[in-house]
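Novice: So the chains spell out like this:
Number of protein chains: 2
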Amino acid sequence: MLSINTERLAIRLEELAQIGAREDGGVCRLAFSDDDLKGRNYVSDILNSLGMEVRIDAIGNLFGILNGTSDLPAVMIGSHTDTVGTGGKYDGALGVLAAVEAAERLIESESPRKRTLIVASFVNEEGVRFMPDMMGSLIHSGHYSINDARQDTDINGTTIGEELDRLSYGGKDSLDDLNVGCFLELHIEQGPILEDARLEIGVVTGVQGLSWTQVEVNGSTNHAGTTPMDRRKDAGTAAGRMTEKLRALPKQYPDLRLTIGSTVYEPGLINVIPERVRFTIDARHPDSDTLKRVESEIQLILKSEDVCQVDNHSLARVEPCTFSPSVVEAVADAAQSHDLSHTNMISGAGHDAQILTSCYECGMVFVPSRSGISHNVTEYTSPEHVTAGANVLLSATHTLLERD
Amino acid sequence: MLSINTERLAIRLEELAQIGAREDGGVCRLAFSDDDLKGRNYVSDILNSLGMEVRIDAIGNLFGILNGTSDLPAVMIGSHTDTVGTGGKYDGALGVLAAVEAAERLIESESPRKRTLIVASFVNEEGVRFMPDMMGSLIHSGHYSINDARQDTDINGTTIGEELDRLSYGGKDSLDDLNVGCFLELHIEQGPILEDARLEIGVVTGVQGLSWTQVEVNGSTNHAGTTPMDRRKDAGTAAGRMTEKLRALPKQYPDLRLTIGSTVYEPGLINVIPERVRFTIDARHPDSDTLKRVESEIQLILKSEDVCQVDNHSLARVEPCTFSPSVVEAVADAAQSHDLSHTNMISGAGHDAQILTSCYECGMVFVPSRSGISHNVTEYTSPEHVTAGANVLLSATHTLLERD
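Going line by line, the protein sequences match chains A and B. In the numbering used here, each residue carries its 1-based index in the first sequence increased by 1227. In the numbering used here, each residue carries its 1-based index in the second sequence increased by 1227.
Rather than coming from a laboratory, the hints here were simulated on the basis of the structure. Being a predicted model, the structure only gives us computed values, none of them experimental. Incorrect hints may have been included.
Copies of the same chain look alike in the list, so a pair counts if it fits in one copy or across any two.
Unchecked claim - Straight line, CA to CA, 30 Å or less: simulated DSSO-like cross-link-like pairs of lysine-lysine:
(1) K1530 / K1341
(2) K1460 / K1530
(3) K1341 / K1478
(4) K1265 / K1399
(5) K1341 / K1399
(6) K1472 / K1460
(7) K1530 / K1478
(8) K1265 / K1341
(9) K1341 / K1472
(10) K1519 / K1478
(11) K1530 / K1519
(12) K1472 / K1530
(13) K1519 / K1399
If we strip away everything but chain A, and leave its shape as in the complex, we get (with noise of 0.2 Å):
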């Protein structure tokens, strides 16, 4: 049974962490800086020195391709290496390197390849400077145009298309010739369950849906000293109510993942009814028909204020996603052939795979995160976690490039 080079792995996670080090212990490589371009480099480098051919779409996208012997479908592995500001070593680069070290591993083992192997790098997963996240892979799947892209701004007024333009970032080739069949992408949790159950490998079975609404409250402002208790329209209080509303809806809805993340008050002064709140909900479920029901229930409580005025439009959502029962099963087998720990789950953060699935059969795997902590520079998996979601992504991609 192959494995993977546990210490040449390690070596690359640090190196790549180089590139764009935060002084703290955290990497900052946001999508389209210079930094980023270096970390994408970094990656191609490797390819090119591995005899790979590096093929780079117009938005940047990066694909290292090892041939098969046969014409079926390829079988594509791969993350992302851009971060947030405050990243960490892990999130998407390990995906990257991970099947980086895959594909070297099956060339070194001059293991048998029916189906062609395609390690691929997605640009700004992440959509901190730039929006929509998960950008690389919506422009690969059709879902968002190279065109539109160009003209996205970062806060600045710098758009994507004079990064792409500067950097020399973009490549030319439209990759209408590949033919994928599956993708399978290594991540970290981003969340404690893993950690919690003491467990090693997470065996993707889809991501939860997403629903992000924003809320205005308008009421009056006034004196807090002068106004009567039962004459005021206050925002806050309005928005109290329904937050309160809101936030017991994870009790009626088991695995209702449901935030309040931002509320910002207007003219937020202490001696000042508020006039004006304004405040965001997250809310995330694994099952369709549910996530509709919940985003009725919160549409309900929004309407059932009756002293405020209260307007509110969708700022997202994405339905939930259900991989491939096929790449699921290789991953499963993988783990257990590696003796690995392991459970089935949900992702709870959303992933390029998920965005994949419209046109490919796509799966995940999963290695804990210390803490559930992710995109902060204290983002960490232990070594023997990053060799083992590593040996699950080579032994399932090995098995997806056998099959007929």
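Use these hints to put chain B onto chain A, whose structure you have.
Specialist: Below, chain B without anything else, positioned relative to chain A:
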């Protein structure tokens, strides 16, 4: 029975409102600004023209003195001429200009005046640019020192001392020889009670106490998608539990006014569980014992939180104050003699008169504020109510001047 010159007062209210006039119709005369000085000098010029002795203390409080025929303690009347940044034409200005008008009518009518009359304009009542508010009356009554005040800085780091020197704002008068017995202040209500009851005059019997608390709730930030609900330490959820209980307190304590005016989430992102929430509590009640009980209830509620860590500290505390029965009676009699509808009431807002209760017998006259609005460019009191209030001030002052 003496009455004011309605037209003269109306003209002066308009003239003073032109100093620091905003394009939107409001007024901005922040304390210790050029326009604030111009506003104060507008008043001192009138007092000088009336032949009154004008004296200015070190912080810039203005006193116009009209000697009586006896050595009995003087009657002081007045208010302030500084405004908030988006102020109106009436808050403070009405009380000062009506006091000037009362002095002028008493001079014109050659009315007997046993006691000395002092028209006062206290500086920095609003406390917007420099804390604390009611600074002029605090210094006048010995509760705050001119040396401490000179060190106070605004948001740009400018000290009051620098502004006093730059503007030659302060005088050199110690005022040690002033012998004051009582203080009476006309002010707009800044609340909706008189308007709601269709009454012309509020006979103010005291000012409610105030207790300001700053609360900080510390939880743990984490990913909104990947963190199970039962694993969260959501500072927003904890703050919501507490603020719901706090907002229910007024049902239990009639006459309690409780406001959560400011709430700030950190990091305040839609898909991140809030790590820290800071909110403020503004609690006011006219009864000292009840206010203390409410403060105990607030502490119990804050201590009941068991998921996140909660810290709190007092930002300000003012005991409820009760005005002098004889001054209150003089105000009620004056309203009666002018055949004006009136009611006894508690002031919801803080005023210089409240600070001065520590050294003088005090009272206040309220006139209606349209829709209860103040500290706002739409602040409005009708000409009829302006006249009514000024007439009550004049007649009550006359009564107090003639007391043995």
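Novice: All hints are to be evaluated individually against the structure, with a verdict given for each.
Specialist: Hint check:
no.	hint	in the structure
1	K1530 / K1341	neither (58 Å within a copy, 66 Å between copies)
2	K1460 / K1530	both (16 Å within a copy, 28 Å between copies)
3	K1341 / K1478	neither (49 Å within a copy, 75 Å between copies)
4	K1265 / K1399	within (19 Å within a copy, 69 Å between copies)
5	K1341 / K1399	within (28 Å within a copy, 98 Å between copies)
6	K1472 / K1460	both (19 Å within a copy, 18 Å between copies)
7	K1530 / K1478	both (21 Å within a copy, 24 Å between copies)
8	K1265 / K1341	neither (33 Å within a copy, 89 Å between copies)
9	K1341 / K1472	neither (55 Å within a copy, 66 Å between copies)
10	K1519 / K1478	within (17 Å within a copy, 37 Å between copies)
11	K1530 / K1519	within (17 Å within a copy, 38 Å between copies)
12	K1472 / K1530	both (12 Å within a copy, 23 Å between copies)
13	K1519 / K1399	neither (41 Å within a copy, 73 Å between copies)
Consistency note: the structure conflicts with the earlier hints numbered 1, 3, 8, 9, 13.
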